[in-house]
Structure formats: C-alpha cells, structure tokens
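Chemist: Sequence:
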Amino acid sequence: MPPPLLQARRRGAPKPRVVFPLIAQWHQALHSLPIAAALSRRGDYEVHVAAPGATLARAKTLMAALGGRGVVFHNLWTSSFLRENPPKALMLAAAATWLTDFAAVVAPERTSLMLKRFGVTRPLFIHSDHGAGDRAVGYEPRIRRFDGVLLAGAKQEARMLRAGLIIPGRYAIVGYPKFEAAAASRQAGPPLFRNPRPTVLYNPHFRADLSSWPAFGATVLEGFAAQDRYNLIFAPHVRMAAERAEELKAVAARYAGAANIHVDLGGPRCCDMTYTDMADAYLGDVSSQVYEFIRAPRPCLFLNASGVDRAGDENYAHWALGPVATTAEGITAAVDRARASHGDYRRVQAAAFRETFDLGERPCSERAADAVEAMMRDGAVVARPLGELSPTAD
Numbered sequence: 001m002p003p004p005l006l007q008a009r010r011r012g013a014p015k016p017r018v019v020f021p022l023i024a025q026w027h028q029a030l031h032s033l034p035i036a037a038a039l040s041r042r043g044d045y046e047v048h049v050a051a052p053g054a055t056l057a058r059a060k061t062l063m064a065a066l067g068g069r070g071v072v073f074h075n076l077w078t079s080s081f082l083r084e085n086p087p088k089a090l091m092l093a094a095a096a097t098w099l100t101d102f103a104a105v106v107a108p109e110r111t112s113l114m115l116k117r118f119g120v121t122r123p124l125f126i127h128s129d130h131g132a133g134d135r136a137v138g139y140e141p142r143i144r145r146f147d148g149v150l151l152a153g154a155k156q157e158a159r160m161l162r163a164g165l166i167i168p169g170r171y172a173i174v175g176y177p178k179f180e181a182a183a184a185s186r187q188a189g190p191p192l193f194r195n196p197r198p199t200v201l202y203n204p205h206f207r208a209d210l211s212s213w214p215a216f217g218a219t220v221l222e223g224f225a226a227q228d229r230y231n232l233i234f235a236p237h238v239r240m241a242a243e244r245a246e247e248l249k250a251v252a253a254r255y256a257g258a259a260n261i262h263v264d265l266g267g268p269r270c271c272d273m274t275y276t277d278m279a280d281a282y283l284g285d286v287s288s289q290v291y292e293f294i295r296a297p298r299p300c301l302f303l304n305a306s307g308v309d310r311a312g313d314e315n316y317a318h319w320a321l322g323p324v325a326t327t328a329e330g331i332t333a334a335v336d337r338a339r340a341s342h343g344d345y346r347r348v349q350a351a352a353f354r355e356t357f358d359l360g361e362r363p364c365s366e367r368a369a370d371a372v373e374a375m376m377r378d379g380a381v382v383a384r385p386l387g388e389l390s391p392t393a394d
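Mapping to the numbering used here: the sequence shown position 31 is 31, numbers consecutive.
Take these hints with a grain of salt, some might be off.
[Stated by the list, open to error] Below, simulated DSSO-like cross-link-like pairs (lysine-lysine); rule was C-alpha separation at most 27 Å, straight line:
1) K88 x K116
2) K15 x K60
3) K88 x K60
4) K249 x K116
These are calculated hints, taken from the structure and not from any lab test.
Put together the whole structure using the sequences plus the hints.
Modeler: Structure follows, in structure tokens:
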C-alpha cells in the first residue's frame, strides 16, 4: 500500500504544506531558501516562507532568482515597533495560530523549536542549519529535538553522532545549498580597488570572548592603512556589525578615504560570498566563513586574541588551515609569512573542504528537497551516501 502522503495526493487532497521560517538575520535565509525553491518546483507541496517585512522583501527577490514556483509568503512582523530587530518569540507565538496544520517546519536555526511550546506539535521539525563551522554552538543539545536534520557533510555527521545529537534514519547529508543562493543573489558591481595588489579579507566574529576584534581590530586596520602592498576588506560577521553599530560606523568613517581599505558593515556582499570568493587571503578567528573561503584553497591567517590552547580542541579545528598569530603587531608581515607557507596547508584545506561539504553533480538544494520529502513521506529519512536519495515517485 502506498504511504499515507502519496495516498492523500492521489485522492486529490490538499497538498501538504511546508513552511520555511526566517526569523533571524538575512544570512541564514541563504541556507534554507534554495531548499524551499527546489521543493516548490516539484509541484507536490504547498511551500510557504514566513519572515518579518524587510527580510520578506529580500526573500521574494531571491526566491525568484532561484526559480521558486507558487511560493506563499507571510509577513511575521508588520509593526513599525522594533522593525529592524523584531522579537523572535513574539513572531513565533503569533505564527503558531496558523502553523498547526503544516506537514513540516524547515528552520535554519534552533529558536523555531519554541513553536512546540506554543502548541505546534503536528508538523515535523527539520533543521537545515546555517553554516558548517567548528564552534560548539553548531553542535548544541537542542538539535536533538528536531525530527530530522540536514547536514553539509561528513564532518558534521561524525561530530553530531559522537555527541548523540542525531541518530541514523533521522538525518541526511545534503551538501551546502548556500552555494546556490550566493550565486543567484550576487550582483556585479564596480571593482572595490583601483590597483592590482593582493586583497586580504578580515572577517572577525561577533562574540567578544572569541573574536579578535576587541583586542586586535584597531591594530589590524592601522597596520593595513600604513602600508601599500595589500588591500584590505574589513567585513565583520553581520551580527558584529549590528551589535557594535555605533563603534563600527566610526571605524568606517575613519577609513573612508583609504584607497586600500574597504569597510562593509553588513551589506549584501557580506552574505553572498562575494568577499570570500574574491579575496587572496583570509584573516579571521572562529567564523565558519573560512570554510566557504577554502572552496578554492588560499592562504589563511588566524588571530588567537584570547590565548586559547587549541591543542586537541575540535572547536578550533579550522586553525589547522593556516598559521595562527597571537599578536596583531606586524600584521602585514604575518600575512607575508602565511602566503609564503601556503604550500604547507593546501592539501589540508582541500581535505577539510571535502569533509565539510559533500558536493556532487546534483544541486545541494535538490538533495535537501529529496530529504525533506522523504521525511514527510516516512516520518524519517535514512542517511545515504551521496546521490542515493531520489525524489519520491508519484
């Protein structure tokens, strides 16, 4: 006998509804909207995207670029009060009144699990994640509460299995749909710099206890401003740009006239991989964006501003991708050394990228849509090797 979901389709019952909530910063949307677009093109599901107003407008634009079809959009926050940062709990509480009959909630963050406390217990909750880094927050206990989990690659799979966050049959390795969203959303623009110098991307994290910015940031920018061999893109994590807005506006003003320094405080290029693709070297601390950067192996330099003993600590596994500095003094000389020693790290970077992102011939968004479809069909999904998941036959 066909599974209940297929029986319902064949009887002409309403299509199962799947919602993709976008309640956090825009950068998370790039991880889930490609999946929504792929699912919508199959015609077997009613795909919904729910987000506050400003995010919703951008979601509609990206969904069109991704080839989404017939997607229903919901505005989660229409009030002018706290428009730039609407409270997640209030948005979810309001949405709970109409989400109870959905088949699945596919979320890139964990906060959407609050919907269960608000009485939304019928849908499957599927975690699509929003990055594939090494920090402990990416492997937190709330992941256990999802009915299904979509993983980028073998690295996440191994660590989550060790931590008991996932169990066989309830997760799938699908690759990294963000690569598709970045390519679809990126817009051509004029060159950032009018010179042929190598460009370094400085990408500090937002958490003060992990970031190189509080201790080293000013020294880094001053060091690059005082030389004429490198360009610098200062593009901090978008949450750092938001949380330190006034401080960073002053920084941007200070270097506005510098021909070799470009400051971007949360613009579209901070999310669409423009900078990680174009830079010749990466300078940072703990951001997962370094894994996007090494899609094409290039020199990396990490700043250990808090004296972390990283030996054996998997939260700092990415510090094996390049040298680690404990000071920002002489920063351009440190970049010189990182570039000169890159040959020692090239194979390490290539292996780390393969372990982090399981990419193949099929688009990652289609593989993720396969997994979501299987979860709704069976209530679970079996983790299978690359390419083995296939769309549900009708």
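Chemist: Which of the listed hints are not met by the structure?
Modeler: Violated: hint 4 alone.
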